[in-house]
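Enquirer: Single-letter residue listing:
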Amino acid sequence: MTDLGTVQDTVRNNVQAPALQTPSQTVGPFYGYALPYERGPQLVPGHHPHAIRFHGTVTDGAGQPILDALLEVWQADETGTLVQKLGSCDRDGFTFTGFGRAPTSIAGEYTFTTVKPGSVAGRAPYVLVTVFARGVTHHLFTRAYFPEDSALHASDPVLTTVPADRRGTLISIAEPAIAGTPSYRFDIRLQGENETVFLDFDA
Amino acid sequence: MPHDIRSAPARGSGRESQDSITAEMIAIETDAAARVARGGSPELHPRRDYAPYRSSLLRHPTHELVRVDPEEVERVSPAFGHTDVNSLESDLTIQHSGEPIGERMTVGGRVLDGEGRPVRHQLVELWQANAGGRYVHKRDQHPAPLDPNFTGVGRVITGDNGEYSFTTIKPGPYPWKNHVNAWRPAHIHFSLFGTAFTQRLITQMYFPGDPLFALDPIYQSIADPAARARLVGAYDHSLSVPEFSLGYRWDIVLTGPKSTWMESEEAHD
Chain A
219 MTDLGTVQDT
229 VRNNVQAPAL
239 QTPSQTVGPF
249 YGYALPYERG
259 PQLVPGHHPH
269 AIRFHGTVTD
279 GAGQPILDAL
289 LEVWQADETG
299 TLVQKLGSCD
309 RDGFTFTGFG
319 RAPTSIAGEY
329 TFTTVKPGSV
339 AGRAPYVLVT
349 VFARGVTHHL
359 FTRAYFPEDS
369 ALHASDPVLT
379 TVPADRRGTL
389 ISIAEPAIAG
399 TPSYRFDIRL
409 QGENETVFLD
419 FDA
Chain B
229 MPHDIRSAPA
239 RGSGRESQDS
249 ITAEMIAIET
259 DAAARVARGG
269 SPELHPRRDY
279 APYRSSLLRH
289 PTHELVRVDP
299 EEVERVSPAF
309 GHTDVNSLES
319 DLTIQHSGEP
329 IGERMTVGGR
339 VLDGEGRPVR
349 HQLVELWQAN
359 AGGRYVHKRD
369 QHPAPLDPNF
379 TGVGRVITGD
389 NGEYSFTTIK
399 PGPYPWKNHV
409 NAWRPAHIHF
419 SLFGTAFTQR
429 LITQMYFPGD
439 PLFALDPIYQ
449 SIADPAARAR
459 LVGAYDHSLS
469 VPEFSLGYRW
479 DIVLTGPKST
489 WMESEEAHD
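Chains as they are written, first to last, in our numbering: chain A, 219 to 421; chain B, 229 to 497.
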């Protein structure tokens, strides 16, 4: 039975799949000594001339902040290039690698320091955000777009796939700059009212 | 607050019995098996909405995920390498002045993509409890002893054939508060990257024959028995090191990646 279902999947997708996927399991609550690392949330230093603050709160279906979530961001650089540079785990303070990792605080808040990604292939810029947490059995992918790019949003293949009344959950909110540094808020609601749109790339 | 023994404990109160949790797990697995019997595909991953794991109740999306094609951002992955990870970080038994207590193990295998090709030069992170079932974490209040010689954290970059190897000690099972007398089977947490960010995976490796499997809502959150069995490492005598450690083999298979499916003909056979 198991093999039959897999064969059907393979035929449908017209791909070869000789190896069966290893299933996901929750990150659990005890990753604290393993996954967060020094300057993980700082894709660029705060004094970078184009630094932005990218932050928000992660909440559950009761609206309560989730204080043991772990977020990862992955994005293009300012020119829209996906760089392939080492050094995400041991930052030198100058090399932009495009990857960042931040645990939520006891208030359920996360903050990254980064640059706004450039447009990739003419599309609306976005940050890919991955959410891990105790109680989340399989990580959740979402995208954070930027509010000033509304012209590009109108033709974006993902935003236009999402029902209009939920589209706003994928667009960050511009806030007043902090000492000249632009700030964007991207709250993530795992469940309930204004539930964030999560994406499945395994179509 | 008075405790009314006549009423069943509330869902998620932590006061429910193993029997009631087990009954829920069996009902879900029975439902999943019936779907497969009707021609559905087995579930490859855990259900995000898996009520027996009480922490999932308020932490799963209620809307279907929106299926979209990955763009370039999702089709590539960060690069990690020798500037990120020291080669000594794959040995969890040499991080302190003394030897950790426990059964020393060598855990190794390969990281592969969905077509069986090696995931080369990518980051593998690992964390685990000590031999007594205790994590070095301020929110782990399980009254088992901490081991001053064991932090339980390692990292490695995969080799040219996707291979990885860690030296560690066997973690102990530990209690948690999902329900009364809830115990996690011994496990090691793994974090993996592929060549595309869509392949990102965090999971857990278990040990063969653990009597706690049938009782554990995290392991059982994968409704397909064959799929969850893929999380169990195998004792492999060829990985055991004489006079030193017992060997366990665990290969990890990531999804896709879509970006390379087109070139599968030349890469295979």
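Be aware that a few hints might be false.
[As the list claims (entries may be wrong)] Sample of chain A residues at the chain B side, in silico, Cβ under 7 Å: (1) Leu285; (2) Lys334; (3) His356; (4) Ile396; (5) Phe416.
[Unchecked claim] If you anchor each label on the Cβ, the simulated ranges turn out as follows: (6) Asp310(A) with Glu300(B): 55 to 61 Å; (7) Asp310(A) with His324(B): 43 to 49 Å; (8) Phe312(A) with His370(B): 52 to 58 Å; (9) Arg295(B) with Ser337(A): 40 to 46 Å; (10) Glu391(B) with Leu238(A): 15 to 21 Å; (11) Ser393(B) with Phe312(A): 29 to 35 Å; (12) Pro375(A) with Trp411(B): 32 to 38 Å; (13) Asp247(B) with Asp310(A): 51 to 57 Å; (14) Asp310(A) with Asp277(B): 19 to 25 Å; (15) His370(B) with Thr313(A): 39 to 45 Å; (16) Ser248(B) with Glu296(A): 40 to 46 Å.
Just so you know, these hints were derived from the structure itself, not from any lab. For each residue, glycine too, the CB sits at the ideal point set by N, CA and C.
Enquirer: Confirm or reject each hint.
Expert: Cross-check of the supplied hints:
1. Leu285: violated, 9 Å
2. Lys334: With a minimum Cβ separation of about 14 Å from chain B (threshold 7 Å), the hint on Lys334(A) is violated.
3. His356: Since the shortest Cβ distance to chain B is 5 Å, the answer is holds.
4. Ile396: Hint on Ile396(A): violated, closest Cβ of chain B at ~27 Å, above 7 Å.
5. Phe416: Since the shortest Cβ distance to chain B is 5 Å, the answer is holds.
6. Asp310(A) with Glu300(B): 55 to 61 Å: The hinted range 55 to 61 Å is violated for Asp310(A) and Glu300(B), with Cβ atoms some 25 Å apart.
7. Asp310(A) with His324(B): 43 to 49 Å: violated, 28 Å
8. Phe312(A) with His370(B): 52 to 58 Å: For Phe312(A) and His370(B) the Cβ distance comes to about 42 Å; the hint is violated.
9. Arg295(B) with Ser337(A): 40 to 46 Å: Check failed, 24 Å falls outside 40 to 46 Å.
10. Glu391(B) with Leu238(A): 15 to 21 Å: holds, 19 Å
11. Ser393(B) with Phe312(A): 29 to 35 Å: At roughly 33 Å between Cβ atoms, Phe312(A) and Ser393(B) fall inside 29 to 35 Å, so the hint holds.
12. Pro375(A) with Trp411(B): 32 to 38 Å: Roughly 46 Å apart at Cβ, these two residues miss the hinted range, so it is violated.
13. Asp247(B) with Asp310(A): 51 to 57 Å: holds, 55 Å
14. Asp310(A) with Asp277(B): 19 to 25 Å: Since the Cβ atoms of Asp310(A) and Asp277(B) sit about 43 Å apart, the hinted range of 19 to 25 Å is violated.
15. His370(B) with Thr313(A): 39 to 45 Å: holds, 40 Å
16. Ser248(B) with Glu296(A): 40 to 46 Å: violated, 55 Å
Going down the numbered hints, you'll see the structure goes against 1, 2, 4, 6, 7, 8, 9, 12, 14 and 16, while the others check out.
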